[in-house]
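> Each chain, written out:
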Amino acid sequence: MELLSGADMLIRSLEDEGIEYIYGYPGGAALHIYDALFRQDKVKHILVRHEQAAVHMADGYARATGKPGTVLVTSGPGATNTITGIATAFMDSIPMVVLCGQVASHLIGEDAFQETDMIGVSRPVVKHNLSVRRPEEIPEVIRKAYYIASTGRPGPVVVDIPKDMTTPNERYEYSYPKKVKLRSYNPAVRGHAGQIKKAVDMLLAAKRPMIYAGGGVILGQASEQLKELTQMLGYPLTNTLMGIGCYPATDKQHLGWLGMHGTYESNMAMHHSDLILCVGARFDDRVTNATEKFCPGARIVHIDIDPASISKTIEADVPIVGPVDAVLKEMISLVKESKEKPDAEALAAWWKQIEEWRAFHGMRYEPNSDVIKPQEVIETLWRLTNGEAYVTSDVGQHQMFAAQYYKFDKPNRWINSGGLGTMGFGLPAAMGVKLTHPDDEVLCITGEGSIQMNIQELSTCKQYDLPVKIINLNNQALGMVKQWQDMNYESRHSQSYMESLPDFIKLAESYGHVGIRIDKKEDLEPKLKEALAMKDRLVFLDIYVDRFEHVYPMQVARGSMKDMWLSKTERV
Amino acid sequence: MRRIISVLLENEPGALSRVVGLFSQRNYNIETLTVAPTEDETLSRLTVTTTGSDKVIEQITKQLNKLIEVVKLVDLTEGAHIERELMLVKLKATGSQRAEIKRTVDIFRGQIVDVTSSVYTIQLAGDSEKLDGFIQAVGTAGVLEVVRSGVSGIARGEKILSL
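Protein chains in written order, with the UniProt record's numbering: chain A, 1 to 572; chain B, 1 to 163.
Keep in mind the hints are simulated off the structure, nothing from the lab.
One thing to keep in mind: the hints can contain errors.
Unchecked claim - Straight-line alpha carbon distances no greater than 16 Å define the calculated EDC-like cross-link-like pairs of lysine to aspartate or glutamate that follow: (1) A:Lys312 to B:Glu58; (2) A:Lys197 to A:Glu340; (3) B:Lys55 to A:Asp317; (4) B:Lys62 to A:Glu315.
Fair warning: this is a prediction, and the values are worked out from it, not measured in the lab.
Let the sequences and hints guide you as you build the complete structure.
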């Protein structure tokens, strides 16, 4: 058997795990590991400019590919800088392994230089964390970390590696475990047959059914099954912000997404439904509005891999714990076998009602001949990229506009921080996607507030040649904060203006990229085309949009799903 | 409602802090907590008493089960069970009080485990109500110090919590 140092075992374990890229930043406690990286060429390291960005890069990669991302940082500040990224991945159940250097074992607890209790600090925002206690256990710890991160309900796993675990001149027998078994961790592999049968019976008997799908469909790679079941039944479907792309947005059975800024027709249909089939979603507060007023006439079937997501906020009538793809597959075969068919008459009446809602409002905004509307930027991008781009976003109004007006027909293409709402996510996430999807169009839709939270990564983009397109919807304000201040604080715009904005064009140029400013409506399409035509360049598009635009629909606070503002003046 | 949840936990560093952290992160109550290794040295048994609505208790058990190091758990209050708590009490005991305290200790089936000319140290085991009852009976005025172990519990009959 081969003898390797702890550091070499670590890198070899990553190679054996099939890890191609890791994102990170070196420092004292991780130097043995960085030396091991230097002496091989299988695992490629991407040097970011801030550790938070490394985590978002790994996250973007994971969301686009479904595979776990990998981060490597040093102890202390290197480790703590990853926390926002880890929390982002945790809230959205993204598989990821974060390898953190740590001071040598004998120094732990002595307030050594760059010492932080990373196991303690990260505990509330990880699926699990592991410490390496003996160098020879490194391969097993790494195998365990990836196994836990990527199975069941995925999530980030932190591995804390004291420096003396990776000492170069101490060598150990290396073998990478093929399998790992944990007696205390056994994610469900299929749903309960009786519950599934019950759910199908209820589904077929429903008069006003709604399918409500979430990010779990994308994480569980169950889009095909969801589509098959939905189309077989002919039922309307909505999805969450995290579920965007799990079902084709341009299909007529798709009502758009639901919740705080969801479509009028989705929220109305949810509220009036008599049966909700929830697939891999979690009745988040941005979806349900006031829980006591949530969908009063609906019975609820809830499929989720995580039992703790079921009946957490909204009580499920039929809980089904299991992987969504396996459960949906069983439901499909039961529907096929069943003598019962959906009630055609009731369904026709239900669709008639839904079409009326769709006709009443749908997704709309008032175009203006003088100023560029943020929505029309997104619509134009959607058209110019044939709806095929990978789109990452930051957080705020631009995120909502992107989600509303870019119609995603495929999963894994809409990449945003839905749960934690992390500004600064968009650019590094886009980089993580572009690195492994060089031939695809990768757009980062952002605002002048968010982009400045990780702007330093323009440098990383130059180093690794990552020609993403940055769409900066510049309204010279923290738009969503300002919108809330308009609606709830009599327009007292406390700290929501961005003064002293940089010249983004010169900024992009100074990093070696292309900057284009768009402030005239007639320039929008030609300049977007010009930017998209520059396949091998990063283009920063600084687009001056309507400063007064709000995101609508918007649910009325503490109301039911059907209580919405449709514009600044219309409330239903 | 008050619940007693018994947990088999991997006997590893950090496992306990995950359980305790979970309760504070998710705003659940801990009334008492006991933990010690079992006859299988790879496992610890942890008993936590908590209060909450049925919905909250369901979430607590689900969230505990999600912790990777939690191997198995049971809500003992769902069935017949035995609960015990150990209490050590130091009482001021002088003059005629000494006989009175001795009688009360006998009634509660406790033991005087240490004696000085002015202090009795008493050991008492039972459910939490019984321990409360003893303190009430002797009166808080004479109580110098109380230490309680927190609740341990086990199901009645054939039911066992093991791997």
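> Hint by hint, say whether it matches the structure.
Structure-based check of each hint:
no. : hint                 : verdict
1   : A:Lys312 to B:Glu58  : 9 Å, holds
2   : A:Lys197 to A:Glu340 : 12 Å, holds
3   : B:Lys55 to A:Asp317  : 14 Å, holds
4   : B:Lys62 to A:Glu315  : 14 Å, holds
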